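Go ahead and model the full structure; you've got the sequences and the hints to work with.
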Amino acid sequence: MTAKDATSPLGRFWVEFKESRTAVAALGVVGVIVLLAVLAPLIAPQNPYDLAKLVLMDARRPPGFVGSNGFTHWLGTDAQGRDLLSAILYGLRISIQVGLIAGAIAFIMGATLGATAAYFGGRIEALLMRIVDLQLSFPAILLALVLSAILGQGKWQLVAALVTAQYAYFARTTHGAAAAERSKDYVDAALSTPLSAARVVFRHILPNCLPPLIVVATIQIANAISLEATLSFLGLGLPVSEPSLGMLIANGFQYMLSGRYWISIYPGVALIVLIVAINLVGDQVRDQLNPRLKR
Amino acid sequence: MLGFVIQRLLQAFVVMLIISLLVFVGVYAVGNPIDVMISPDATQQIREATIKAYGLDQPLWQQYATFLGRLMRGDFGRSFVFNMPVLDLIFSRLPATLELTLAAVLGATLLGVPLGMYAGYRPDSRFGKLVMAVSILGFSVPTFWIGLVLIFTFAVTLGWLPAGGRGATQSVFGVEWSFLTADGWRFMLLPAINLALFKFALMVRLARAGTRETMLTDTVKFARAAGLSEWTILRRHVLRLIAIPIVTVFGLEFGSTLAFAVVTETIFSWPGIGKLIIDSISTLDRPVMVAYLMLVALLFIMINFLVDIAYAALDPRLRVKRA
Chain A
1 MTAKDATSPL GRFWVEFKES RTAVAALGVV GVIVLLAVLA PLIAPQNPYD
51 LAKLVLMDAR RPPGFVGSNG FTHWLGTDAQ GRDLLSAILY GLRISIQVGL
101 IAGAIAFIMG ATLGATAAYF GGRIEALLMR IVDLQLSFPA ILLALVLSAI
151 LGQGKWQLVA ALVTAQYAYF ARTTHGAAAA ERSKDYVDAA LSTPLSAARV
201 VFRHILPNCL PPLIVVATIQ IANAISLEAT LSFLGLGLPV SEPSLGMLIA
251 NGFQYMLSGR YWISIYPGVA LIVLIVAINL VGDQVRDQLN PRLKR
Chain B
1001 MLGFVIQRLL QAFVVMLIIS LLVFVGVYAV GNPIDVMISP DATQQIREAT
1051 IKAYGLDQPL WQQYATFLGR LMRGDFGRSF VFNMPVLDLI FSRLPATLEL
1101 TLAAVLGATL LGVPLGMYAG YRPDSRFGKL VMAVSILGFS VPTFWIGLVL
1151 IFTFAVTLGW LPAGGRGATQ SVFGVEWSFL TADGWRFMLL PAINLALFKF
1201 ALMVRLARAG TRETMLTDTV KFARAAGLSE WTILRRHVLR LIAIPIVTVF
1251 GLEFGSTLAF AVVTETIFSW PGIGKLIIDS ISTLDRPVMV AYLMLVALLF
1301 IMINFLVDIA YAALDPRLRV KRA
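Just so you know, the protein sequences line up as chains A and B, in that order.
If you're matching positions, the first sequence starts at 1 in this note's numbering and goes up one per residue.
If you're matching positions, the second sequence starts at 1001 in this note's numbering and goes up one per residue.
Honestly, the hints are just simulated from the structure, not real lab data.
One or more hints might be untrue.
Below, in silico cross-link-like pairs of lysine to aspartate or glutamate (DMTMM-like), each with a Cα-Cα straight-line distance of 25 Å or less [to be verified]:
1. A:Lys184 <-> A:Glu125
2. B:Lys1052 <-> B:Asp1088
3. B:Lys1129 <-> A:Glu16
4. B:Lys1129 <-> A:Asp283
5. A:Lys18 <-> A:Asp283
6. B:Lys1221 <-> B:Asp1308
7. B:Lys1052 <-> B:Asp1075
8. B:Lys1129 <-> B:Glu1230
9. B:Lys1129 <-> A:Glu19
10. B:Lys1052 <-> B:Asp1041
11. A:Lys18 <-> A:Asp287
12. B:Lys1129 <-> B:Asp1041
13. B:Lys1129 <-> A:Asp287
14. A:Lys155 <-> B:Asp1088
15. A:Lys18 <-> B:Asp1041
Only a predicted model underlies this, so the values are computations on that prediction, with no experimental measurement involved.
Encoded structure:
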C-alpha cells in the first residue's frame, strides 16, 4: 500500500507509521496494557484491596501456588497474601491514570505558556522563557522529589509535583514552534481581522504547533509514569491507599534479599514493558515528523 | 564582555535569593520537627525550651531573616538529628557521592564513546544494533529498577558482590575514599554501574550521531585518499571532531548526576549526600534539607553561568542581544 491510497492527513500518517514493525507492535502492547488496566476490576482474579478476601497464610507464595481459596496465583502472592497478578492490574490503573493526568495538565499549562510568550514577544517572552530555561537546567527528578516532599503524600500532590517538573518541556517546545509560526502571513492575516488575541493564539497558532507537541507528550507521559514509580518507590509519591506499580516494587524490595524475587520483579516487568513500549511509539512518531529524515 | 559577565552574575545572585526564599518557605511548610526531636513524654517546659532554642517560636519572616544573615557568614545551622553543623555533615558525606559519580560518569564515557562510535561507523552491523538497543533500554528503564535487578542478580542470586553499604575505606588527608581499597571497589561496582547506565546510553547516542555525520564529510574522504587506515581516521580525526559536544555533556551530566545519585544511593544504602537528603526528608531535618537544596541550586546556577559565559565568548551575537 502506498501513501497515495490514504486521503486524510491522519490516514497518510498511519500508512507511514505502519512501515515500522517495531512501532506497530509497541502500539499494540500499549493498547493491550491500557485495556487490561481499564478492565482490571472485571478480569482480575481477585480484588486485591478487599481485605476480607486476603488469606495471610497464603502470603509470599511463589508463582504458580494454588491458594487456599482454590485458584492459582500465577505470579505468586505478596506479603499480605494478595494475588500479585491482580495487584499488578490494579497498580497499572493507578500508574497510567497519574501519568495521563499529569501529562495532560502539563501539556495544557506548557502549551499555553509557550504560545503566549511567543505571541507577545519582547520582555514578557524573555522573562517567561528565562524561567523555563532555568527550570530545565535542574533535573526533573530532583524537582519532583523536593516538591512531593514539601506537598506531602497524595495523588493530587503527586500530580502537582509531576506537572511542575514537566510543564517546562512543553513550554519550550511550543515556544519554539509558535515563534516560527508567529512570523507567518496567516497569523498577520488573522490579526488584521477583529479576532481577539486569545483566539488567534489558541485557534490559529497552537494547532500548527501540535506535531512536535505530540512527540513531547508521548515521551513525557512515559516519563511521568517512570517518575511516579521512582517517587513511590522512595516513599514520597502515592499514599498506601493508592498502590501503584512503584509501590508494589518498593513493598517487595525487602523480600528480594531473601530470594523472594517475584513480589518486586513482576510489577517491575509490567512497568518496564509499558514505558519502553510508549517510548518506542514516541520514537517512531518523532522520526516521522522530523523533516530532516524525510526521503 | 565584562558588562555581560557582571549582568549575568547579578542575575545569578537574584535567582539564588529567590530560590533561598522558595526553599525556606517550602521546607518550613513540612511537618513539625519538634515532634521528631523530643520524646513524646517530655514536659511542656522542655518542649517550649526546645522550640525557643531553635528559634521556632518566631514569625516565619524573622526566621528567614536570621537564616539569611547566617548564610552570609557561611553558617547553615545545625542538624536537628545529628546535632552537628550542617555544612560539616554534608562535607563528610560528599566524598562518597563524588567518587561514585566520578566512577559512573567516567566509566560511561570511556565505554559509551567507543561503542557509540562503532555503532555510528557500522550502523547496520549486528553489534552496532545491539549497542543501540542497550542504549534505548538505558534511556527508558527507571534507574531504581535497574538497581533492583542488579542487586537481585549479582548480590542475591550469584552472591558475587555485596548488596549495599560502602565497605572498607582508605583515609587520605582526613577524607575517606573507597576507590583506594579492593574491598571498596567491590562495594562501589554495582551502584556505579547503576548510576552509569543512563549516562552510557546518552554517550552512545551522542557518539553514534556524531560519527555518522562526520564519516560523510570531506575530512574523512581526504584522509582515506591520503591512505590513512580506518582505525587512524577514527582515532585521529573523527574522535577529535565529535569530542566538543561530548566534553560539554560530560560536564553538564556530572552536575546532574550529583543530584541524581539520590535514587541509586537509597537503593544501595550508599552513605552519600543523596541518601542524606532522603533520610532528612523522612526525619524532617529541616536545616539539612535547606542546605542541601541551596547547595544543589548553587551548583546548577554556577554551571549555567559558566555555560552562558562560554557561549558568549564563542558567539559575539549573544553578547549584543542579551546584554
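Hint check results:
1. A:Lys184 <-> A:Glu125: Holds: Lys184 of chain A and Glu125 of chain A sit about 18 Å apart, inside 25 Å.
2. B:Lys1052 <-> B:Asp1088: Roughly 24 Å separates the two Cα atoms, so the pair holds.
3. B:Lys1129 <-> A:Glu16: holds (22 Å)
4. B:Lys1129 <-> A:Asp283: holds (16 Å)
5. A:Lys18 <-> A:Asp283: holds (13 Å)
6. B:Lys1221 <-> B:Asp1308: violated (35 Å)
7. B:Lys1052 <-> B:Asp1075: At roughly 19 Å apart (the allowed maximum being 25 Å), Asp1075 of chain B and Lys1052 of chain B satisfy the hint.
8. B:Lys1129 <-> B:Glu1230: holds (20 Å)
9. B:Lys1129 <-> A:Glu19: Cα-Cα ~19 Å, so holds.
10. B:Lys1052 <-> B:Asp1041: holds (18 Å)
11. A:Lys18 <-> A:Asp287: Holds, at about 13 Å.
12. B:Lys1129 <-> B:Asp1041: violated (64 Å)
13. B:Lys1129 <-> A:Asp287: holds (17 Å)
14. A:Lys155 <-> B:Asp1088: It is violated: about 36 Å lies between the C-alpha atoms, which goes past 25 Å.
15. A:Lys18 <-> B:Asp1041: Measuring from Cα to Cα gives roughly 69 Å; hence the hint is violated.
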